[in-house]
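**Q** Go ahead and model the full structure; you've got the sequences and the hints to work with.
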Amino acid sequence: MSTKFPKKLIQLPLTLLRVLLSLLVLAGLVAVMTAAVALIASGMTALPAGAVRLIGIERIFVSDFSALTMTLFGAGCLLLGVGLILLCAVKLCPLSAGFVYRLFSRRDEK
Amino acid sequence: MKLSKLIKFRHIKTQKLTRLQIVMRLCIILGVVFLLGAAASLAFLQHEHTSGIKTGAQSFPFTEYITVETTDVPVYISESEDENIHISYVSDTEISITEQNGRLIIEQIPDFVIPLFSLEAFSRKIEIALPKTHYKSVNLYTAAARITCGELDAHAVGIKCKSGGVEIKKLSCGGIFTMENDTGSSEIGITAFSSGKLKNSSGEINFSFSCPVNAVVSSGSRCYVNGVAASASADTSQENSFIITSPSGRVRINKPD
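Top to bottom, those sequences are chains A and B. Start counting the first sequence at 1; every next residue gets the next number (our numbering). Start counting the second sequence at 1; every next residue gets the next number (our numbering).
Since the hints were made in silico from the structure, they are not lab data. Among the hints, erroneous ones may be present.
Across the chosen pairs, the derived CB separations fall in these ranges [said to hold, decoys possible]: (1) A/Tyr101 - B/Phe122: 44 to 50 angstroms; (2) B/Phe122 - A/Ala51: 20 to 26 angstroms; (3) B/Lys125 - A/Leu54: 29 to 35 angstroms; (4) A/Ala31 - B/Asn206: 41 to 47 angstroms.
Sample of chain A residues lacking proximity to chain B, with all beta carbon distances greater than 12 angstroms (derived) [unchecked claim]: (5) Ile10; (6) Pro13; (7) Thr15; (8) Leu16; (9) Leu17; (10) Arg18; (11) Leu20; (12) Ala31; (13) Met33; (14) Ile55; (15) Phe99; (16) Val100.
Note that beta-carbon positions come from the ideal geometry of N, C-alpha and C, so glycine has one too.
**A** Next up, the structure:
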């Protein structure tokens, strides 16, 4: 009992560091997913607007971008956003989950 | 014999991609390619493009009748440095400025326009510089924009607001003051007043009078004079009578005791 308490006390900074690291990983994931959603939203606005302007209805949209720039920008944003969301789902989420699991697993203590 | 059979890359471990991974990689690669295309188009083809923002500046000799009508472009009325009326505007819709028989009409022509990725759209405004003199009639109409005015001296003043509002710091109205408000909020400081009528549906209007005024409040109206709820009356025979009808909006009047 008397030896366990100081051992746990010594492990406290390490545990805090682990918690901080996992929070950092979570924040990174949230940042990437937010950026992806923002890109998709931007693309979903710009792509139809650019397409409408390319067809010839220029008067509705007032923009500093030309119709071609707006269409390419919209398509690029939409595709990149979808790609990033898929990247999160396929790679980043499992990777970070594995990392956090290994961080808290007691393998090193054994 | 096929080349792949001759050369065997046994030392390289190839990863078999799933459909989802292929789609993901395609999306990212195509997305980057399209964005690079957009950047190239912005760099090389942008000079041919003109933004749809309308800008202009005009000057007119003094006229006694002025009408300003705006839909969603804010209007700023200030004092002119000379004897002329100066108007400048930045707008995404057409602005019509006409002068006929001594009447100046500044009107934003309503149109279905969506501003997208436009920096100039943030600075939309109509600036009117009026000479500091007495006007016979000034009419201010706004749908959703705010009209801001410093000092104004006119015999007749007519204000109509939908969801927009009017802010006048010092208004001198020697004749008739009429105001119709729907849901907007307005603040008007009045230095000279003769008679007037206010019809407020559900908006909020604050008046601060620095001259005598007799508030005539119709029944069911919410009107506070110097912070106290005003009781309904129908006596319009008194001088400086200001007839107020406000069924569900709120009118506050601050006046000298």
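**Q** Enumerate the violated hints, using their earlier numbering and listing them in ascending order.
**A** Going through the list in order, the structure violates no hint and respects every one.
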